[in-house]
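Engineer: Here's the letter readout for the chains.
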Amino acid sequence: MGYVWEFGVVFNQLDLLLAGLLNTLKITGGALLFGIPLGLLAAILRLSTYKWLRVSVGVLIEFFRTTPPIVQLFWFFFALPMLSGIEMDPFRASLVTFSIQSSAFFAEVFRGGIVSIERGQWEAARAIGMNYLESMRRVILPQAVKRMIPAFLERVIELMKTTTLVATVSYADLLYQANNIAQSTYRPLEVFTVAAGLYFIVLFPTSLLVKRIERQLAKTGEGTVH
Amino acid sequence: MEHVWDFQTVFASWSLLSQGLFNTLKLGLLTLITGMFFGFFVGLGRYSRSSWVNFPAGVFVEVFRNTPALVQIMWFYFAFPIISPFDIDAFAAAALGLGLNTTAFCAEIFRGGIQSIHRGQWEAGKALGMTYREQVWRIILPQAVVRMIPAFMNRVVELMKMTSLASVIAFGELMHQAKTISTYHFNPIESYTVVALLFFLVISPFAFLVYHLENRFRK
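From first to last, the protein sequence lines stand for chains G and Z.
Going left to right, the first sequence walks through residues 1 to 226 as this note's numbering numbers them.
Going left to right, the second sequence walks through residues 227 to 445 as this note's numbering numbers them.
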């Protein structure tokens with residue numbers, strides 16, 4: 001079977017693909033912007049001394065970690081507007097979904113990091129008169145964050161891969177553009193291969209970075225959290 | 227705006243939902259088994275000293291780990307049939323995409339597990355006159371497998387969630403059935419809520435198991 005590859009038609013529309021990539025990065029960045037603080041808050045609540053708070057936040061985190069993101073996205077896009085009257089466009093629905101979804105995962109990373117810090121650090125902070133928030137901000141988090149970096153970057157990679165779902169609600173990300181171009185040029189083989197290549201170009205260096213940081217932390221004897 | 231919840235129409239479509247659940251489990255189980263099987267060999271391949279073996283294995287793993295699963299599924303559904311001599315339906319495309327994706331992730335788990343076993347264990351096996359295969363089967367794997375269990379459970383969770391991606395190419399798994407029901411009965415709120423809960427019921431026991439096992443191993 002002699003198939004003649006023809007990448008020319010794809011490169012003619014490379015600007016569309018790159019615009020899609022930009023939108024992919026926009027959603028990823030936006031989700032990080034909201035997801036990280038929300039995740040930190042959720043982690044702190046999950047470590048609360050009140051059992052009802054600990055359990056209910058834990059269930060919420062687990063729910064968002066163990067249901068498929070596409071179901072969540074469809075729920076926020078189709079169901080939430082009918083329930084609440086909030087207007088949703090594809091961008092807003094995607095941003096809300098991925099902020100909340102990634103915050104559930106970030107919460108676990110933060111929790112792992114915070115728990116990994118020895119009790120003595122808390123006690124030392126209290127002994128010099130710091131309250132809970134001060135000890136968290138000045139003593140615990142600065143040490144915990146270092147151990148969380150690899151797990152954290154790993155999450156960013158997962159997040160960016162997951163954002164391809166926004167194409168299903170017609171947000172013009174990289175995959176959506178690829179699909180459109182494939183349909184207009186009848187060249188799905190080339191278009192989807194190039195799109196996959198673009199994702200790889202962004203994600204692979206990030207993966208390498210994760211491995212390098214892990215090795216470096218292992219060398220200095222610093223533990224990492226997963 | 228007051229919404230009157232009405233789950234009646236969702237439960238009336240129970241046959242669609244149960245069929246979707248069956249298809250979700252079928253896709254998940256098939257890709258898990260093939261992914262673990264081939265992942266084992268790819269993982270060993272990455273550990274090989276010959277660069278003819280470990281380089282292609284490495285490229286395969288990195289490509290499938292660093293591109294989105296949805297792109298892989300769509301590639302196998304829209305692009306691959308052009309160069310493939312076989313017919314590819316939605317199930318085959320989803321199984322290929324998710325199967326290879328799982329193979330890559332499982333290969334990393336096997337590699338990590340095998341690497342975590344001290345070199346001395348290999349040497350001890352060799353000193354007893356074992357062949358490479360015997361060393362792997364009798365000495366390395368039995369020790370490595372225990373350490374890999376939480377990572378595999380985690381894979382099950384991720385994989386079961388990923389099966390929902392097959393709805394994009396209209397494979398009749400749970401999520402796709404929810405779409406069908408919601409367009410037919412105009413009840414997206416109820417159908418997506420029910421399906422989210424069904425996924426949660428299927429997947430959360432595994433997530434709970436991971437949590438439990440990790441705590442036990444830490445002790």
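No wet-lab data here; the hints were simulated from the structure.
One or more hints might be untrue.
Unchecked claim - Footprint (simulated), chain G over chain Z, 3 or more residues, beta carbon under 8 Å: (1) 252–262; (2) 303–313; (3) 334–340; (4) 360–374; (5) 423–429.
Note that the Cβ used here is the ideal one computed from N, Cα and C, for glycine as well.
Engineer: Look at each hint and say if it fits the structure.
Structural biologist: Do the hints match the structure? See the list:
1. 252–262: With 0 residues close enough to chain G, the hint is violated.
2. 303–313: holds (count 6)
3. 334–340: violated (count 0)
4. 360–374: It is violated, with 0 qualifying residues against the three required.
5. 423–429: holds (count 3)
Checked against the numbered hints above, the structure violates hints 1, 3, 4; every other hint is satisfied.
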